[in-house]
Amino acid sequence: MDKSQKGGHRCLPKRIILVRHGESQGNLDMAAYTTTPDCRIPLTPLGVEQARTAGERIQQVVSEGGRAARWKVYFYVSPYERTRATLREMGRAFSRKRIIGVREECRIREQDFGNFQVEERMKVIKETRERFGRFFFRFPEGESAADVFDRVASFMESLWRDIDMRRLEQDDSLDVNLVIVSHGLTSRVFLMKWFKWTVDQFERLNNPDNCEFRVMQLGPGGEYSFAIHHTPAELQRWGLSPEMIVDQQWRATTARGSWYENCPWHLDNFFHHLKDSSDDDGSSDECYNA
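The numbering of the sequence shown is our numbering, which starts it at 2 and goes up by one.
Since the hints were made in silico from the structure, they are not lab data. Here a beta-carbon is modelled for each residue, glycine too, at the ideal position from N, C-alpha and C. Don't take each hint at face value.
[Claimed, not checked] Restraint-style ranges between C-beta atoms, simulated for each label pair:
(1) 31 - 170: 39 to 49 Å
(2) 104 - 38: 16 to 26 Å
(3) 137 - 213: 20 to 30 Å
(4) 221 - 80: 31 to 41 Å
(5) 32 - 168: 40 to 50 Å
(6) 175 - 237: 32 to 42 Å
(7) 97 - 151: 29 to 39 Å
(8) 38 - 272: 44 to 54 Å
[Unchecked claim] In silico DMTMM-like links for lysine to aspartate or glutamate, alpha-carbon gap of 20 Å or less:
(9) 194 - 106
(10) 127 - 201
(11) 197 - 151
(12) 127 - 204
(13) 73 - 90
(14) 15 - 165
(15) 98 - 170
(16) 197 - 148
(17) 197 - 244
(18) 194 - 144
(19) 73 - 204
(20) 98 - 151
(21) 98 - 172
(22) 127 - 148
(23) 194 - 148
(24) 15 - 158
(25) 98 - 57
(26) 194 - 163
(27) 127 - 144
(28) 124 - 113
Whole structure, please, built from the sequences with the hints as guidance.
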């Protein structure tokens with residue numbers, strides 16, 4: 002029997018936690034990219050401390066402050082030096098028996114900005130990106146956020162296969178937590194793909210701080226939501242619109258799939274003159290009459 006069929010249902014991780022790496026030498030001084038390949042940029046001493054603190058805080062989240070007994074973590078990490086170093090320092094907060102495994106995953110690496118970067122030239126290029134739009138602008142000899150989206154989408158297909166094949170040791174009595182240690186833009190693109198956000202919604206998102214982590218937690222209806230762990234004020238600070246925050250709150254309690262059936266406000270992003278349901282078939286619009 003296929004592992005995905007054991008128990009007759011999909012056994013989902015309790016949390017998916019996205020972590021940006023700690024402060025790197027490139028964050029501190031853009032000139033670092035002129036002599037060091039992006040993939041080899043190290044953490045600063047502050048970045049090391051940030052990573053250790055993040056590990057301790059994440060351990061408190063997944064253990065529910067020490068109250069939870071049966072929990073484990075599985076890590077995915079970008080192959081860049083700063084993400085691997087962040088993971089190493091975060092790992093100090095976990096005992097070996099709590100770690101299911103770790104996988105280096107090239108598809109969640111940083112956006113490619115080209116090879117060695119000339120500082121003054123990059124300043125001009127980034128100014129052009131602001132005028133052009135962050136999602137579709139492609140760096141010369143590098144990638145656009147749209148390119149990153151494509152490889153992140155491929156990674157997510159593999160992630161779902163890992164879940165469906167129960168390669169993460171899931172069972173109904175164990176809380177499995179996935180921790181993805183990656184980069185700012187890559188994390189935002191992951192969320193865009195996961196929550197089906199539009200390009201316009203992506204453009205308004207703010208980059209997470211170094212070692213800031215964002216917790217997607219599984220709700221009782223089978224949907225992941227930020228609203229279980231994070232406050233509306235935090236979501237607003239991240240750049241989520243009021244409608245996006247309402248979506249997160251709905252996902253925290255709703256049954257899988259009912260959001261799009263019962264609350265079609267998202268159609269307004271594409272259609273401006275739709276007739277009410279009552280004009281066609283006499284049915285009510287649950288979202289607007291709630």
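Evaluated hints:
| no. | hint | verdict |
| --- | --- | --- |
| 1 | 31 - 170: 39 to 49 Å | holds, 42 Å |
| 2 | 104 - 38: 16 to 26 Å | holds, 22 Å |
| 3 | 137 - 213: 20 to 30 Å | holds, 26 Å |
| 4 | 221 - 80: 31 to 41 Å | holds, 36 Å |
| 5 | 32 - 168: 40 to 50 Å | holds, 42 Å |
| 6 | 175 - 237: 32 to 42 Å | holds, 34 Å |
| 7 | 97 - 151: 29 to 39 Å | holds, 36 Å |
| 8 | 38 - 272: 44 to 54 Å | holds, 47 Å |
| 9 | 194 - 106 | holds, 17 Å |
| 10 | 127 - 201 | holds, 19 Å |
| 11 | 197 - 151 | holds, 13 Å |
| 12 | 127 - 204 | holds, 15 Å |
| 13 | 73 - 90 | holds, 18 Å |
| 14 | 15 - 165 | holds, 14 Å |
| 15 | 98 - 170 | holds, 13 Å |
| 16 | 197 - 148 | holds, 16 Å |
| 17 | 197 - 244 | holds, 13 Å |
| 18 | 194 - 144 | holds, 17 Å |
| 19 | 73 - 204 | violated, 34 Å |
| 20 | 98 - 151 | violated, 35 Å |
| 21 | 98 - 172 | holds, 16 Å |
| 22 | 127 - 148 | holds, 17 Å |
| 23 | 194 - 148 | holds, 13 Å |
| 24 | 15 - 158 | holds, 18 Å |
| 25 | 98 - 57 | holds, 16 Å |
| 26 | 194 - 163 | holds, 18 Å |
| 27 | 127 - 144 | holds, 13 Å |
| 28 | 124 - 113 | holds, 16 Å |
Checked against the numbered hints above, the structure breaks hints 19 and 20 and satisfies the rest.
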